[in-house]
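Let chain G serve as the given structure and place chain W with the ligands on it in line with the hints.
Which chain is which? The protein sequence lines are G and W, in order. The numbering of the first sequence is my numbering, which starts it at 80 and goes up by one. The numbering of the second sequence is my numbering, which starts it at 1436 and goes up by one.
Honestly, the hints are just simulated from the structure, not real lab data. This one's a predicted model, so the numbers in the text were calculated from it and none came from an experiment. There could be a bad hint or two in this list.
Unchecked claim - Using 30 Å as the maximum straight-line C-alpha spacing, the simulated DSSO-like pairs for lysine-lysine come out as follows:
| # | chain 1 | residue 1 | chain 2 | residue 2 |
| --- | --- | --- | --- | --- |
| 1 | W | Lys1609 | G | Lys469 |
| 2 | G | Lys84 | W | Lys1609 |
| 3 | G | Lys423 | W | Lys1596 |
| 4 | G | Lys445 | G | Lys455 |
| 5 | G | Lys445 | W | Lys1535 |
| 6 | G | Lys421 | W | Lys1596 |
| 7 | W | Lys1609 | G | Lys421 |
These are the residues of each chain, in order.
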Amino acid sequence: MNLLKFFTAGSVDDGKSTLIGRLLYDTDSILADQLEALQQSNRKNDDGSIDLAILTDGLRAEREQGITIDVAYKYFQTEKRKFIIADTPGHIQYTRNMITGASTAKLAIILVDARNGVIEQTIRHSYLVSLLGIEHVVVCLNKMDMVDYSEEVFNTITDRYKTLATDLSLKDVTFIPISALKGDNVVNESEHMPWYKGQSLLHFLENVDVETGPDYNLARMPVQWVVRPQTDELHDYRGYAGRVLSGSFNVNDKVTVLPSGTSSVIERIEIFDQTPSEVHAGQSVTLHLKDNIDISRGDVLVNSDHLPQSSQLIEADVCWMDTRPLDEHITYLLQHNSKVTKCKVREITHKVDINTLEKQEAYDFKLNDIGRIVIKTADALAFDFYTDNKANGAAILIDSRTNLTVAALMFRAVAD
Amino acid sequence: MSKYNLDYLDELEAEAIHILREVAGQFEKPALLFSGGKDSITLVRLAEKAFRPGKFPFPLVHIDTGHNFEETITYRDKMIERIGEKLIVGSVQDSIDQGKVVEQKGKNASRNSLQTVTLLDTIAANGFDACIGGARRDEEKARAKERIFSVRDEFGQWDPKRQRPELWNIYNGKIHKGENVRVFPISNWTELDVWNYIRRENIELPSIYFAHERDVITRNGQLMAASPFLNMDEDDIVEHKKVRFRTVGDMSCTAAVESDADQLDDIIAEISESKISERGARMDDKVSEAAMEDRKKGGYF
Ligand SMILES: Nc1nc2c(ncn2[C@@H]2O[C@H](COP(=O)(O)OP(=O)(O)O)[C@@H](O)[C@H]2O)c(=O)[nH]1
Ligand SMILES: [Mg+2]
Chain G
80 MNLLKFFTAG SVDDGKSTLI GRLLYDTDSI LADQLEALQQ SNRKNDDGSI
130 DLAILTDGLR AEREQGITID VAYKYFQTEK RKFIIADTPG HIQYTRNMIT
180 GASTAKLAII LVDARNGVIE QTIRHSYLVS LLGIEHVVVC LNKMDMVDYS
230 EEVFNTITDR YKTLATDLSL KDVTFIPISA LKGDNVVNES EHMPWYKGQS
280 LLHFLENVDV ETGPDYNLAR MPVQWVVRPQ TDELHDYRGY AGRVLSGSFN
330 VNDKVTVLPS GTSSVIERIE IFDQTPSEVH AGQSVTLHLK DNIDISRGDV
380 LVNSDHLPQS SQLIEADVCW MDTRPLDEHI TYLLQHNSKV TKCKVREITH
430 KVDINTLEKQ EAYDFKLNDI GRIVIKTADA LAFDFYTDNK ANGAAILIDS
480 RTNLTVAALM FRAVAD
Chain W
1436 MSKYNLDYLD ELEAEAIHIL REVAGQFEKP ALLFSGGKDS ITLVRLAEKA
1486 FRPGKFPFPL VHIDTGHNFE ETITYRDKMI ERIGEKLIVG SVQDSIDQGK
1536 VVEQKGKNAS RNSLQTVTLL DTIAANGFDA CIGGARRDEE KARAKERIFS
1586 VRDEFGQWDP KRQRPELWNI YNGKIHKGEN VRVFPISNWT ELDVWNYIRR
1636 ENIELPSIYF AHERDVITRN GQLMAASPFL NMDEDDIVEH KKVRFRTVGD
1686 MSCTAAVESD ADQLDDIIAE ISESKISERG ARMDDKVSEA AMEDRKKGGY
1736 F
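If we strip away everything but chain G, and leave its shape as in the complex, we get (with noise of 0.2 Å):
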């Protein structure tokens, strides 16, 4: 049985919390006692039924405001698969948190309510779908009960979203029309909606393909921890521990390892007490070398054959994620999976107009603010870009004096 990792994204008052909550519930996922602390909750649908959003609404002040502020994980299973949902925030305001949520998910759940059709944060949520390089895309037309289940409603919203699927070049979508509070198509078939072929969003989640194949061209593994027991059974043994990020490594792989360019082939796989010849994305491993060479925590071993690229100069997609703006001045960290490097902002390409996807001329970049910049880096970065591998694309920046996470980065250029 494998994982789907997936998100929801919509604004506010879509239904993205009921969807969730009506997953659970259908699913026969909610326990008794969580059950229980529901229906006592004061917090109640208008027609007295319990309000399944409050599942996922975990801090106080989200159910003081009966708004999701923060991510919130929930976790259920049925027989073909296990799934991990992010809630994600609606709103603008909490942009870097829907990121947040997207960055590890695979699939993405678009809430479109059936009687405003797409409107601005629609726009704005598949724009960050897209610039996030979400694999597949399900766009739920929700609260169909409102608009008499109506298959001319949901083909006009169907049709004028299609058009911005191609604008943002999104590959897989998929429409689904439902209702969250009445359960239509969630994991239930609708009765109300003969006219509607396709699957309900459980059995879609269910069975959409999500496995990759092996990849040796873009095998990377960043080295986090190198074992030495230095015993004295074990004098010698010296394995570079890591997950692999993307693609496989065989035992006799001839390895790259940068930023110093040296090379190697692979003697021997390690994961705990196993011994395979193979190991694929997403594993974490022990790897041992042929030579013995100088390699520590932020150096990363590539196929010889199918290097990275490797640049102090970047062209990085940007989400500003804090409230003090970027800083053209200040000394950054960067951090790109196991490596830390200083880099500095060196200039501000456009910024994007996120509700409209227009580009404009930029002088600042604060929270919230998506744009194209150039960095330049201490340190030379093997990095691939990032619609070629997500995985080695992306980084995030770090303001030492307050030592937050600032801004996701995606490459997308090498800059001269």
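Structure of chain W with the ligands alone, referenced to chain G:
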């Protein structure tokens, strides 16, 4: 090319190992908080997978309330001997003797909340900059919102409004002096995942997790082990029942469930069917809807 597919337990394991190695790489003085419960026992197994044949780059730290199940302590000492790693014990009794905390009075008295002070003192005395804990997001609503690397101020406080964005699998462990980070490698595991992992890895557990005969009393609708640590009076009726524990904490606040499950397979079957969450068996969470959020803001695990 044929597709490959990581089983969910392998994926959760790999993620946890990655997080443990980030802790090792990013911090000067980390520690692993070991409670003797199944979640921290799972962490120890994951640490073995992350660092063997090397040593752990951190000691284990046990905050001892003095009101432990005897079985937990026996288990702890045996385990430490087997893995050959360092154990540091922070004692709530010492905190009481030093006058730093005051023992609660009354029927529902428990040392659970006093632990926070001992924990913060132990962190300060040893200069720990990162504490690895076995909390999971499925346990409780406030935990569902916490980051994997969760920064605490000098007073151990969690501020949910000031959480750092946590992007991709990149963990920012940078802190100022005096602050520390709580790290939760099994954030994304559910209770059932932990049990399935324990079965798959053949991990030994303290015996109180399995059904056994014991004297219990019923308090606020829950079964509590009769012990000198529980303030009992003539209203309390001691009964002898076959029970097991779903979490292991202080004896005065950990409730038992009636059960015949004395094998892992039976426990897993019972949990799969059971409709009570494991925190439902902790009196400390029953107090209010925001009980956990408030305790975390105050420095709790
Ligand atoms: N009629 C109707 N109301 C809905 C539906 N889904 C959600 N709602 C209501 O819309 C409001 C906002 O829902 P909520 O889940 O909190 O939205 P969120 O802000 O996106 O998390 C609540 O009053 C819900 O009961 C639906 O399918 N039909
Ligand atoms: Mg919500």
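Next on the checklist: Hinted pair, alpha-carbon criterion (30 Å max): Lys1609(W), Lys469(G). Please report holds or violated.
Outcome noted: Roughly 24 Å separates the two Cα atoms, so the pair holds.
Next on the checklist: Just to be careful, I want the Cα atoms of Lys1609(W) and Lys421(G) compared with a cutoff of 30 Å; is the pair within it?
Outcome noted: 14 Å, holds
Checklist entry - Within a Cα-Cα threshold of 30 Å, do Lys423(G) and Lys1596(W) meet the stated pairing? => result Since the Cα atoms of Lys423(G) and Lys1596(W) sit roughly 28 Å apart, the hinted pair holds (cutoff 30 Å).
Checklist entry - Going straight from one Cα to the other, do Lys84(G) and Lys1609(W) come out at no more than 30 Å? => result 27 Å, holds
Checklist entry - Does Lys421(G) pair with Lys1596(W) here, judged by a C-alpha cut-off of 30 Å? => result OK: Lys421(G) and Lys1596(W) at ~28 Å, within 30 Å.
Checklist entry - Regarding the pair Lys445(G) and Lys455(G), is the alpha-carbon distance no greater than 30 Å? => result 20 Å, holds
Checklist entry - Between Lys445(G) and Lys1535(W), is the straight-line Cα distance small enough, at 30 Å or below? => result Distance of about 45 Å is beyond 30 Å: violated.
Of the numbered hints listed earlier, the single one contradicted by the structure is hint 5.
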